[in-house]
Amino acid sequence: MRVGLFIPCYIDQFYPDVGLATLELLERYGCEVDFPRAQTCCGQPMANTGCTNDTRPLAERFLQIFEGYEYVVCPSGSCTAMVRVHYEEYFHGDARYEALRKRVFELSEFLVDVLQVSAVQGRFPYRVGMHQSCHGLRELRLGSSSEMVGPTFNKGRQLLQSLEGIEFVTLTRPDECCGFGGTFAVNEEAVSCMMGLDRLHDHEQAGTQVLTANDMSCLMHLQGLILRQKKSIKVMHLAQILAGREVPK
Amino acid sequence: MSATEITVDHPQRAKAFVHNDSRAHWHDQALWFVRVKRDRMAQSLPEWEQLRAKASQIKTHTISRLADYLEQFEREATKRGAVVHWAADAAEHNEIVLRLLREHGVKKVAKSKSMLTEECHLNPFLERHGIEVIDTDLGEWIVQLRHETPSHIVLPAIHIKKEEVGALFHERLGTDAGATDPKYLAEAARQKLREVFLSAEAGITGVNFAVAETGGIVVCTNEGNADLGTALPKLHIACLGLEKLIPRAADLGVFLRLLARSATGQPITSYSSHFHGPAPGGELHIVLVDNGRSNILGSDDYRRSLHCIRCGACMNTCPVYRRSGGHSYGATVPGPIGSILNPARDLQKYAKLPSACSLCASCTDVCPVKINLHEQLLTLRRDVARAGHLSRGKRFMMRSASFVFRRPRLYSALGKFGRWSLRWLPRFMIYGPWNPWGKQRDLPPPPRRSFRDEFRRRQA
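Keeping their order, the protein sequence lines are chains A and B. Numbering-wise, the working numbering puts 86 at position 86 of the first sequence, and it's gapless, one number per residue. All you need for the working numbering is the position in the second sequence, starting with 1, plus 1000.
For the record, the hints were derived by calculation from the structure and aren't laboratory data. Since the structure is predicted, the reported quantities are computational estimates derived from the model, not experimental observations. No residue lacks a Cβ here, since even glycine has one placed at the ideal position from N, Cα and C. Be a bit skeptical, because a hint or two may be false.
Unchecked claim - Under the rule of at most 27 Å between Cα atoms (straight-line distance), these lysine-lysine pairs were calculated in the BS3-like manner:
1) A:K230 - B:K1439
2) B:K1161 - B:K1192
3) B:K1416 - A:K249
4) B:K1015 - B:K1162
5) B:K1416 - B:K1394
6) A:K231 - B:K1015
7) B:K1015 - B:K1107
8) B:K1161 - B:K1183
9) B:K1079 - B:K1234
10) B:K1015 - B:K1416
11) A:K249 - A:K231
12) B:K1439 - A:K231
13) B:K1015 - B:K1349
14) B:K1370 - B:K1037
15) B:K1162 - A:K102
16) B:K1394 - B:K1015
17) B:K1439 - B:K1394
18) B:K1108 - B:K1015
19) B:K1416 - B:K1439
20) B:K1370 - B:K1394
21) B:K1416 - B:K1370
22) B:K1349 - A:K230
23) B:K1349 - B:K1416
24) A:K234 - B:K1192
25) A:K234 - B:K1107
26) B:K1439 - A:K249
27) B:K1037 - B:K1054
Said to hold, decoys possible - A few chain B residues facing chain A, derived, Cβ under 8 Å:
28) D1009
29) K1015
30) A1030
31) M1041
32) C1360
33) L1378
34) G1388
35) L1390
36) G1393
37) F1396
38) A1401
39) K1439
40) S1450
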């Protein structure tokens, strides 16, 4: 199957290995992957600031660039949610968009729901703390949220747990926001950083060695705090662990 | 809020709150504790999600024909001997209450918890007209004694520590100096409030639910203070926001089961007091208040915010509210729902509240009446920008970013330059007051090549 790889701008610029790991995983499971070079940013920062006029042309570009692919896969729940959920505002009733939105997937849900991957080969003998990125959790429902009552599930964890030697830590607050929130991180800098430090504290108490998530943006914020405070926790995107990357030194 | 603050500066107020690290953590944990209690209660009902859906449907139905239900309520309440008054706004509400009190020669009022009267600033209004009002809900009374406003709609004094309550009671009630035992302090308050209940000449209450079919009203309290405050005086004034209506008595079960579980993690409030007409020999006046609600009713984007039953669950779960405190919102109703209701009324004054949110959507998942809170907050940001309340700097940033993102080559070149700068510039040039990201966080270690460069090399 022909997959258009949708790489968020900050991953493109700051975390190329997350993109490469995603690419390798998709190829491992038999996808023919293309990276359309015209892509830049889905427009979420502008949309979340309320600047819909600045978002619209980016949404239109996105539709044009990706509509020819059988599937579009992205290693970010938040950017996927922007396209699948929030583009509605720009393309309400547009048949081209309706056709595309059903084919846009976050990486872990693509592996689990479309490719039906039930186990991933590999070894990862570490204590792993999973950060549940909010948009993936509560807009894409990649897992059950702690607020709701019903069966518990988590697609990312489902993939990770087949790795040999992996251990999951138990947090006191299983899915509280890390405080990144896009422009929120600078608009409300004080609260944002307190939220991030509180998350890290929870992971430290739980004995996390490697902190992972479906979204590198949350991890960029948490990594920023870790580096500044010289904490020992390492961050890795889910795709990097699944693709068999070493834990960074 | 100071007179010079045209727009409530949430980031600034939040920063001040966070600055006191131990207090901010104490506040966060106190509210998280309530959230956990709520989770336990919700999990104990396998039908929880069905209840939420049912409650949401009842509310959607009710507000879709609110005028009919309001008139039905008025007819039925009147049949039972109550007098129904209609107030278009806070000023009219306050005038009606004052007139009623004056007609009855009332000088002292016992008031149970009512966020509507807080919204209308009833207390200062009555005090200016020589009427003494005593808030009989313990939390509200503490706040009143401190000349403050509530910082939470269910837990009005959640921002105050027991040591501070001890000091306040020592000064105002003569309790032992240094006393912090909640039981001792609550008992002292109880004795003092008993005097109020015995001497008040009128009782004012809020209303949690008004039933159109029966003309009855329901007031939920944990302290029984609504009953005590209305038992002795001849005059009971109940202040009721338009959105509190439900069609039938049978619907009450759905909401009573959701309300206390969501609010405090109790199966039900200690007292759910039903009033059907006045007590024998007394008078019951019900003041129906609009105060901006019908404008919200007219808006497709924000109509669902009128589902709100004021349980406060969105505040308890909000990671920003817990770390910035209720007063940082500068409004009677703070937190996620307040960040919708207040800007919907006064966009300029509350322009920053929709952005006091990381869009984590926990509020949407916790809300017992399924208000799409985080989506409405996002829509409000659009309205704020359209109305021109976004700073010039932010508008410029977003316009520039959009310009760059429409040009892949420019985007790539700027990205390369940015990463190069991060690698070669000395730290002091990267980190400074111009970089709010870097105040407490490092920027990511810059890679030599972007993903698109790596991809091209791989293809070659």
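So, going through the hints one by one against the coordinates:
no.: 1; hint: A:K230 - B:K1439; in the structure: holds (15 Å)
no.: 2; hint: B:K1161 - B:K1192; in the structure: holds (20 Å)
no.: 3; hint: B:K1416 - A:K249; in the structure: holds (25 Å)
no.: 4; hint: B:K1015 - B:K1162; in the structure: holds (24 Å)
no.: 5; hint: B:K1416 - B:K1394; in the structure: holds (24 Å)
no.: 6; hint: A:K231 - B:K1015; in the structure: holds (24 Å)
no.: 7; hint: B:K1015 - B:K1107; in the structure: violated (42 Å)
no.: 8; hint: B:K1161 - B:K1183; in the structure: holds (14 Å)
no.: 9; hint: B:K1079 - B:K1234; in the structure: holds (19 Å)
no.: 10; hint: B:K1015 - B:K1416; in the structure: violated (34 Å)
no.: 11; hint: A:K249 - A:K231; in the structure: holds (13 Å)
no.: 12; hint: B:K1439 - A:K231; in the structure: holds (17 Å)
no.: 13; hint: B:K1015 - B:K1349; in the structure: holds (19 Å)
no.: 14; hint: B:K1370 - B:K1037; in the structure: holds (19 Å)
no.: 15; hint: B:K1162 - A:K102; in the structure: violated (54 Å)
no.: 16; hint: B:K1394 - B:K1015; in the structure: holds (20 Å)
no.: 17; hint: B:K1439 - B:K1394; in the structure: holds (19 Å)
no.: 18; hint: B:K1108 - B:K1015; in the structure: violated (40 Å)
no.: 19; hint: B:K1416 - B:K1439; in the structure: holds (23 Å)
no.: 20; hint: B:K1370 - B:K1394; in the structure: violated (32 Å)
no.: 21; hint: B:K1416 - B:K1370; in the structure: violated (45 Å)
no.: 22; hint: B:K1349 - A:K230; in the structure: violated (41 Å)
no.: 23; hint: B:K1349 - B:K1416; in the structure: violated (41 Å)
no.: 24; hint: A:K234 - B:K1192; in the structure: violated (57 Å)
no.: 25; hint: A:K234 - B:K1107; in the structure: violated (66 Å)
no.: 26; hint: B:K1439 - A:K249; in the structure: holds (25 Å)
no.: 27; hint: B:K1037 - B:K1054; in the structure: holds (22 Å)
no.: 28; hint: D1009; in the structure: violated (11 Å)
no.: 29; hint: K1015; in the structure: holds (4 Å)
no.: 30; hint: A1030; in the structure: violated (14 Å)
no.: 31; hint: M1041; in the structure: violated (10 Å)
no.: 32; hint: C1360; in the structure: holds (4 Å)
no.: 33; hint: L1378; in the structure: holds (7 Å)
no.: 34; hint: G1388; in the structure: violated (11 Å)
no.: 35; hint: L1390; in the structure: holds (7 Å)
no.: 36; hint: G1393; in the structure: violated (11 Å)
no.: 37; hint: F1396; in the structure: violated (11 Å)
no.: 38; hint: A1401; in the structure: holds (6 Å)
no.: 39; hint: K1439; in the structure: holds (6 Å)
no.: 40; hint: S1450; in the structure: holds (5 Å)
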